[in-house]
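K.L.:
Sequences and hints are given; from them, build the entire structure.
Note that the protein sequences, when read in sequence, are chains D and C.
The first sequence lines up with residues 1 to 360 when you count with this note's numbering.
The second sequence lines up with residues 1 to 360 when you count with this note's numbering.
Treat the hints with caution; some may be incorrect.
Note: identical chains are not told apart, hence a pair may lie in one copy or across any two.
Claimed, not checked - Below, simulated DSSO-like cross-link-like pairs (lysine-lysine); rule was C-alpha separation at most 30 Å, straight line: (1) Lys228 to Lys157; (2) Lys354 to Lys206; (3) Lys210 to Lys90; (4) Lys157 to Lys14; (5) Lys16 to Lys26; (6) Lys225 to Lys124; (7) Lys77 to Lys206; (8) Lys206 to Lys157; (9) Lys228 to Lys344; (10) Lys26 to Lys344; (11) Lys124 to Lys210; (12) Lys157 to Lys210; (13) Lys210 to Lys225; (14) Lys228 to Lys206; (15) Lys26 to Lys157; (16) Lys345 to Lys206; (17) Lys93 to Lys210; (18) Lys344 to Lys154; (19) Lys228 to Lys345; (20) Lys16 to Lys154; (21) Lys154 to Lys210.
Simulated from the structure, these hints should not be mistaken for laboratory data.
Protein chains: 2
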Amino acid sequence: MKQEIGFVQREVLKEKPDFSSLGFGKYFTDYMFVMDYQQEIGWFDPRITPYEPLTLEPSAMVFHYGQAIFEGMKAYKAADGTIQLFRPEKNMKRLNESCERLCIPQIDEDFLLEAIKQLILTEKDWVPDGEGTSLYIRPFIFSTEPYLGVRPAKQYKLLVILSPSGAYYGDQLSPVRIYVEEQYVRAVIGGVGHVKTAGNYAASLKAQEKADENGFAQILWLDAKENKYVEEVGSMNIFFKINGEVVTPRLNGSILPGVTRDSVIELLKYWNIPVREERISIEEVFAAHARGELEEVFGAGTAAVISPVGELTWNEHAIAINDYKIGELSQRIYDEMTGIQLGKKEDPFNWTVKVEQVEV
Amino acid sequence: MKQEIGFVQREVLKEKPDFSSLGFGKYFTDYMFVMDYQQEIGWFDPRITPYEPLTLEPSAMVFHYGQAIFEGMKAYKAADGTIQLFRPEKNMKRLNESCERLCIPQIDEDFLLEAIKQLILTEKDWVPDGEGTSLYIRPFIFSTEPYLGVRPAKQYKLLVILSPSGAYYGDQLSPVRIYVEEQYVRAVIGGVGHVKTAGNYAASLKAQEKADENGFAQILWLDAKENKYVEEVGSMNIFFKINGEVVTPRLNGSILPGVTRDSVIELLKYWNIPVREERISIEEVFAAHARGELEEVFGAGTAAVISPVGELTWNEHAIAINDYKIGELSQRIYDEMTGIQLGKKEDPFNWTVKVEQVEV
Ligand SMILES: Cc1ncc(COP(=O)(O)O)c(C=O)c1O
Ligand SMILES: Cc1ncc(COP(=O)(O)O)c(C=O)c1O
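P.N.:
Below, the structure written as structure tokens:
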């Protein structure tokens, strides 16, 4: 199903924002990629068109029954001036896994990746090159059929939009205070927590609001069945370094399988640092701290790459981690990953993919 | 905060569909109610405008993080030619409860109800009067702010759209086959199952697809923690008549508090029929059947009012309920409720609300 990608020229290009103060997800480039789906036709009319508002019926099913999934990835300006992606095929695969769970028709992963590359090439002047900056890539799919019955829609739209984004941290990583949430949950086995669907994020806002009010940066989510086992931190996967070994919750069906998580595990194995994926209770984490063995805690995700945790609070009980300083391993992983992403370090895993002129 | 409701006239009215074959949620009237929200202003510019497509940024937060809630209610053409609503203040209250959980700004319940009445009066020719027909009312709110950071949006849209709808059943109630789902779950305590948010429905589609493939009409959902206790049936609340007593799962934080559910309970109390809200396991239900005590099972919701269950299948084990016939009590409740809704029976509870010219 190789399809021609159409192109609609924009009359006037936007003025670019100041690349030194981009923030996240605020500015969008001149073009976007769009493709439509109708049950009788399949995915059709792939095209790069001006970034502009969408027109939707008030009865479009997405507003009512929330069939909406997305991905998040980044394009980096490499040291040699080329543009590169980080394991983008993993995002394409996860997108289809999200489709599957949400009863959304599958996409051709190779084709979408080529379309994304083509879009990025069109927008190559929008890829920032300042320290920590990147072009954030947001593919998403949602139901558009105008109908109020509860069933999978027969019409969808897939879009890819691009947003030049600033550094997540300022000059350096800064450890944050985290709050262990026991009232609200993010996801449960049998639900949709293992895929990237819009509703997961809506459901998480209330707990984040509570964390904010109490002066915490993020939430540590526990499992929904027993309120006992650690799942994720905010919108990141979580890692604990305990007595020289690294532990991260195993993928159990309610945790999102992060691309960064997978990369951290690979990297640790490559370095011969012991790493285990297993169920870990919050009690164990606090016990490890009491024994003086909790050496580092960090979140891992595309946005921040590595996000060190400086403090954990559980039921009024706060523990400081590594004296609120960035752990040595956290820093090493961060440096290695960003080094690879920016083409400054060797890439023994073949994780990076160059964005170059291609035939689709 | 009494606000004037603006009015934008439509140039050409739509041709009305054939009221004898309306189906559900397919046709929409000439006008809709719209109101916008911005953090600095609050809810503003309430207006009745032509039903027409919406224009939204591709980065509108609803597509990505799913802050979307809704209500479902009906307007009936009463026996005396007037139009009436059924306990609409309960829907307004639940809408605000949904807002609260999803970090969406509260609405003025009285004001919205008046606006809905005004919209219905504008569209009074769209209220069908055939047996079992009604004007379905869909208020909904979603985030519109163009931003990709995960946090509550600062801009929203509230709409009310109207859809003339046909009878849920043909000539009479018909018992359906139901499948007890053990793999997928609808909701969990600490999540959002007790409110009407879009993501709940998206998450439920996969199990419904499975039910369809196996020839079942609906899913019986179990609790997510233990996969043991009965929660809901499809998008309805569920009732069991066991040995002369009626039981329905108590509101535990993962079940939607249905308006119909509440009305059924009130009605049973009024009739001095024993009714209990309590945790009930699927094992108990099957045990009651084995003892010959499971007399009736029915779903309750705005769409169908009462939906008799003729068969329950759990783990390959199928049981027939009341010999696949409509239960006497199910029929009695259905007749009473629809009688009240249509103004054919007395309304000792003051449940119905007339839609008449009012000053807003
Ligand atoms: C809930 C959640 N967990 C974890 C992650 C980390 O995944 P990734 O490393 O692929 O960005 C994300 C972000 O994508 C997320 O939204
Ligand atoms: C999940 C769910 N449960 C129960 C109900 C029944 O609620 P009500 O009687 O208010 O229509 C509905 C429909 O609104 C629903 O969506």
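K.L.:
Should Lys210 paired with Lys90 be assigned to within, between, both, or neither, using CA atoms and 30 Å as the limit?
P.N.:
Answer is between; shortest inter-copy Cα gap is 27 Å, intra-copy 33 Å.
K.L.:
Which holds for Lys210 with Lys225 at a C-alpha limit of 30 Å: within a copy, between copies, both or neither?
P.N.:
both (21 Å within a copy, 24 Å between copies)
K.L.:
With identical chains treated as interchangeable, where does the CA-CA distance between Lys16 and Lys26 reach 30 Å or less: within a copy, between copies, both, or neither?
P.N.:
within (12 Å within a copy, 43 Å between copies)
K.L.:
Treating 30 Å as the Cα threshold, decide for Lys228 and Lys345: within, between, both or neither.
P.N.:
neither (39 Å within a copy, 53 Å between copies)
K.L.:
When no copy is specified for Lys344 and Lys154, does a C-alpha distance of 30 Å or less occur within a copy, between copies, both, or neither?
P.N.:
neither (46 Å within a copy, 39 Å between copies)
K.L.:
Using 30 Å as the alpha carbon limit, work out where Lys354 and Lys206 are close: within a copy, between copies, both or neither.
P.N.:
Answer is neither; intra-copy 40 Å and inter-copy 37 Å both fail.
K.L.:
Have a look at Lys154 and Lys210 and pick one of within, between, both or neither, based on CA distance no larger than 30 Å.
P.N.:
This pair counts as between: shortest inter-copy Cα distance 17 Å, intra-copy 38 Å.
K.L.:
Tell me, please, which holds for Lys124 and Lys210 at an alpha-carbon limit of 30 Å: within, between, both or neither?
P.N.:
neither (40 Å within a copy, 45 Å between copies)
K.L.:
At most 30 Å between alpha carbons: which applies to Lys16 and Lys154, within, between, both or neither?
P.N.:
This pair counts as between: shortest inter-copy Cα distance 24 Å, intra-copy 38 Å.
K.L.:
Regarding Lys345 and Lys206, is the shortest C-alpha distance of 30 Å or less found within a copy, between copies, in both, or in neither?
P.N.:
Cα proximity of Lys345 and Lys206: none, with 40 Å in one copy and 43 Å across.
K.L.:
Pop the pair Lys93 and Lys210 into one bin, within, between, both or neither, using alpha-carbon distances up to 30 Å.
P.N.:
Classified as between: cross-chain Cα gap 23 Å, same-chain 34 Å, threshold 30 Å.
K.L.:
Quick one: Lys157 to Lys14, C-alpha cut-off 30 Å, is that within a copy, between copies, both, or neither?
P.N.:
Result: close both inside a copy and across copies, 24 Å intra and 27 Å inter.
Consistency note: the structure conflicts with the earlier hints numbered 1, 2, 6, 7, 9, 11, 16, 18 and 19.
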